[in-house]
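Undergrad: First to last, the sequence lines map onto chains P and H.
For the first sequence, counting from 1, position 64 maps to 64 in the UniProt record's numbering; every step adds exactly one.
For the second sequence, counting from 1, position 44 maps to 44 in the UniProt record's numbering; every step adds exactly one.
No lab work stands behind these hints: they were computed from the structure.
Some clues are possibly wrong.
Any copy, or any two copies together, can satisfy a pair, since identical chains are not distinguished.
To be verified - Taking lysine-lysine and the DSBU-like style, the derived pairs with C-alpha atoms no more than 35 Å apart in a straight line are:
{"id": "1", "residue 1": "K94", "residue 2": "K368"}
{"id": "2", "residue 1": "K196", "residue 2": "K106"}
{"id": "3", "residue 1": "K451", "residue 2": "K94"}
{"id": "4", "residue 1": "K417", "residue 2": "K106"}
{"id": "5", "residue 1": "K229", "residue 2": "K94"}
Each chain, written out:
Number of protein chains: 2
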Amino acid sequence: MAPSKTPKFEIKTPKGTRDWSGPDMVLREKIFKTITDVFKRHGGVTIDTPVFELKGKYGEDSKLIYDLADQGGELCSLRYDLTVPFARYLAMNKDVTQIKRYHIAKVYRRDQPAVKKGRMREFGVYDPMIPDAEIIRIINEVFEGLGWHGKYTIKLNSRKILDGLFQVCGVPDNLIRPISSAVDKLDKMPWADVRKEMVDEKGLAPEVADKIGTYVVLKGKRDLLEKLKQDEALAANPSMQQGFADMDLLFTYLEDFGADHTVSFDLSLARGLDYYTGVIYEVVTEGSAPAVSASGEAKEKQAKKKGGKPGDPEEDRSDDPTLGIGSVAAGGRYDNLVGMFSGKTQVPCVGISFGIDRIFSIIQATQKKKERRNEVEVFVMAFGGGKDFTGLLKERSQVCARLWDAGIKAEFLYKVKPKLQNQFKAAEANGVPFALILGEDELAQGKARFKEMGLPEDHPLKEGELISLDNLIEEVKTRLARKQELDSITQQAEGLKVVGGVKGEDVKAPAETAQSTE
Amino acid sequence: MAPSKTPKFEIKTPKGTRDWSGPDMVLREKIFKTITDVFKRHGGVTIDTPVFELKGKYGEDSKLIYDLADQGGELCSLRYDLTVPFARYLAMNKDVTQIKRYHIAKVYRRDQPAVKKGRMREFGVYDPMIPDAEIIRIINEVFEGLGWHGKYTIKLNSRKILDGLFQVCGVPDNLIRPISSAVDKLDKMPWADVRKEMVDEKGLAPEVADKIGTYVVLKGKRDLLEKLKQDEALAANPSMQQGFADMDLLFTYLEDFGADHTVSFDLSLARGLDYYTGVIYEVVTEGSAPAVSASGEAKEKQAKKKGGKPGDPEEDRSDDPTLGIGSVAAGGRYDNLVGMFSGKTQVPCVGISFGIDRIFSIIQATQKKKERRNEVEVFVMAFGGGKDFTGLLKERSQVCARLWDAGIKAEFLYKVKPKLQNQFKAAEANGVPFALILGEDELAQGKARFKEMGLPEDHPLKEGELISLDNLIEEVKTRLARKQELDSITQQAEGLKVVGGVKGEDVKAPAETAQSTE
Chain P
1 MAPSKTPKFE IKTPKGTRDW SGPDMVLREK IFKTITDVFK RHGGVTIDTP VFELKGKYGE
61 DSKLIYDLAD QGGELCSLRY DLTVPFARYL AMNKDVTQIK RYHIAKVYRR DQPAVKKGRM
121 REFGVYDPMI PDAEIIRIIN EVFEGLGWHG KYTIKLNSRK ILDGLFQVCG VPDNLIRPIS
181 SAVDKLDKMP WADVRKEMVD EKGLAPEVAD KIGTYVVLKG KRDLLEKLKQ DEALAANPSM
241 QQGFADMDLL FTYLEDFGAD HTVSFDLSLA RGLDYYTGVI YEVVTEGSAP AVSASGEAKE
301 KQAKKKGGKP GDPEEDRSDD PTLGIGSVAA GGRYDNLVGM FSGKTQVPCV GISFGIDRIF
361 SIIQATQKKK ERRNEVEVFV MAFGGGKDFT GLLKERSQVC ARLWDAGIKA EFLYKVKPKL
421 QNQFKAAEAN GVPFALILGE DELAQGKARF KEMGLPEDHP LKEGELISLD NLIEEVKTRL
481 ARKQELDSIT QQAEGLKVVG GVKGEDVKAP AETAQSTE
Chain H
1 MAPSKTPKFE IKTPKGTRDW SGPDMVLREK IFKTITDVFK RHGGVTIDTP VFELKGKYGE
61 DSKLIYDLAD QGGELCSLRY DLTVPFARYL AMNKDVTQIK RYHIAKVYRR DQPAVKKGRM
121 REFGVYDPMI PDAEIIRIIN EVFEGLGWHG KYTIKLNSRK ILDGLFQVCG VPDNLIRPIS
181 SAVDKLDKMP WADVRKEMVD EKGLAPEVAD KIGTYVVLKG KRDLLEKLKQ DEALAANPSM
241 QQGFADMDLL FTYLEDFGAD HTVSFDLSLA RGLDYYTGVI YEVVTEGSAP AVSASGEAKE
301 KQAKKKGGKP GDPEEDRSDD PTLGIGSVAA GGRYDNLVGM FSGKTQVPCV GISFGIDRIF
361 SIIQATQKKK ERRNEVEVFV MAFGGGKDFT GLLKERSQVC ARLWDAGIKA EFLYKVKPKL
421 QNQFKAAEAN GVPFALILGE DELAQGKARF KEMGLPEDHP LKEGELISLD NLIEEVKTRL
481 ARKQELDSIT QQAEGLKVVG GVKGEDVKAP AETAQSTE
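Same shape as in the complex, but just chain P (with noise of 0.2 Å):
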């Protein structure tokens, strides 16, 4: 931009899309930095890829595609999921046979621009669900990571039992997806509005309808696979025998990974979309229910849904599809997918995409402390006053330089000479933890005054602590590592007595709360 001209400056973001900065950016990138380190320990390895593929990918006439203008050259568009890119990605690397891959990005739709996904997906050689079970370790793992411990359930369900369901039912074959996808509503809607619309709308028998309603009212854990098992229609089915076996092993592989505690198999999740083929789950958490009525905003989505045709681009979310209204993260195996977008004849991939945009609302709505907004351990200060106080700013700027080479969070007030009160505002403003306060009589000594800050009046180290500045780094790291221990002890006794408020029955279902709000 030109200097001399003054551009139209309209002081927005565009319209769906919003700043990060502060401590909204701080928790944010904690978030990220729980699902990455999660991933990594994994095995997880990230790729990066445009903002932009070439324009077609996503089919020409989706109206939920940001398109970049014709400015002569390529045509393009912003990526609309991580998968295309993904797909394009494998198609041009035909030496990569097998990898768990994560994603962590932006991705822009019309409706709802800069969604943040979290992504990981694993494929390549492997012996029948052992990674879709530790896709679900990893689920527990972020959510124990981000403190969310005893709050969130995994509903856990199979493409292969829902269909072998359908079957036994009497779903005609031409119905079974649009059954499932109603089926899929009943987290946002009762039974009996789900019922009407497989009736009314979709043209099926009321008994089916009615012999459905009976399963997927039903959930547990093994359990309720044993009890399935007991009954011989559909334990005669071929469909359900796969996913009998299948369910069998992962809740195996689940206990020998200790993560089956968090899982509940539940007949009601389906999931939208067309192209699971296996497993599918779905993580639901207290503050995840939707906050309306089934007449309210969440029927308002359905009536939009409704007009679009499943598998319509418009209705595509992507690899693991839209989460749906309160989950906070959702995936499945989809093996025949990409395969068909790369020109592999097969290429199967188990995933799960976290919300990272739902999950920071609901960390940011339920805690208590804001975060900081920057890191800075030690804030450096000068003491003094009156007209022959120096200011100290040489010796302020070389115990900030060691500090900086040991490195050491450390910052001073850029002023010459700086009044105490002022450089105390500075620190507590960004709640930096300790003051490092230098003064003309102490620097005689070698010493200096190392203050923690925000004690009480009537704490023994109010005043701070004389140190020696000869062994400056080691005395500051000292505090520093004293203080991070009381912390995370502080933290893990505030994590314990959350959790212990928190009663079993709160940790709901959506499909249960939608129904309470009725």
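Fit chain H to the given chain P structure using the hints.
TA: Showing chain H alone in chain P's frame:
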């Protein structure tokens, strides 16, 4: 995308863009981490802004801006730099009066899409030159952190000194900026060519050009400053006097920060853009000199640049302008630029921009060992064979779960009965440092074999050690820590070796190098 349709799928990334994966991605992440750690150590905070901004901020007609298509609704463009978004952010957040912000993100330019920048910028209340000196210190920490000790030079100058110099030499006021921009080309053209441009194209009197020529060859440290001060004509110029005062302070502060050893006060450094108001700097390194003669690519770029008037949006490269050819970081003080955008009267700023892509290329070209793809520390294996071999999947899963619980990065092969050979192959492919090998016999004794990968044949621990599974975590953590310590000592030794092998004269400013290729 509807799974039932096969889209046209062109298997390439858009022109000028690329994917990042594998060792490249790992290296890039390491560079980000180094830079981010330094920024945080100095109290920096990060912000994230949308990838597109409302259209118009970058000038309506710029050929370098990526516009989004007009799909109804707001007109938007991809961000071209990180300055305009920051100015917009400041204008929207009037309560932010002081911030050290950093922003690591891609920017989009139609001539060179997706340039990754790492920027740090400070503004707010300060006494002269203190933040400027801290930025220089930050530059030092970043390149030391990247292991470039002794391999980079921070060229330093001041716009006030340059302006004073041109005035004293007799450059008419209206030619000061054009002449300054000609001087800026000294890093890629010999003086004779620059002089020709000044005289033939810009109409400068030959004797004035020659006078300039006697100054712009000068470089040094504080000694050069002292030498200039002795020059009576220079010392009488008011802009020069301000520049002297600034540089005096800056050298003092750099000494206090221990950051003066890498700077070269260089009168040939001009920086192309208009808006600098004080100190300017540019970092050059061995690998950063352009591998073209002045008649090659560099000249082509000149020609292109000449097409645009100085101050054209096309010329503008953001707050910190384009990194000059050959530089790996650049910046300076610009006290008027942001205020002009945001409508605040004045927003004094000093900043630095690191050219991540160039830094990446240089490191990649010189590094001997490829980065590992993932970070797995322990590969858990099953030992056995024959028809009684169970594969020990349960045991591998349980052991992995214990390692994951302890935060240790671990993996195993997704096979029920894996061959030992295939497990080793998988571990080696990713450079996993340790194998934990489970066997029936050892398990019966509550033990397993822990083996460092890649040890030489005659190493006493070549066959690994039997460790107790009761103390699994402790045993593994001790060995991981020991290896990490050894690796870090080896790396330091290698670092020293490399540094020792570099001669002082190998660290050349691009100006010299470009001339020497003539």
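Undergrad: Run through the hints listed earlier and report the numbers of any the structure violates, in increasing order.
TA: 2, 4 and 5
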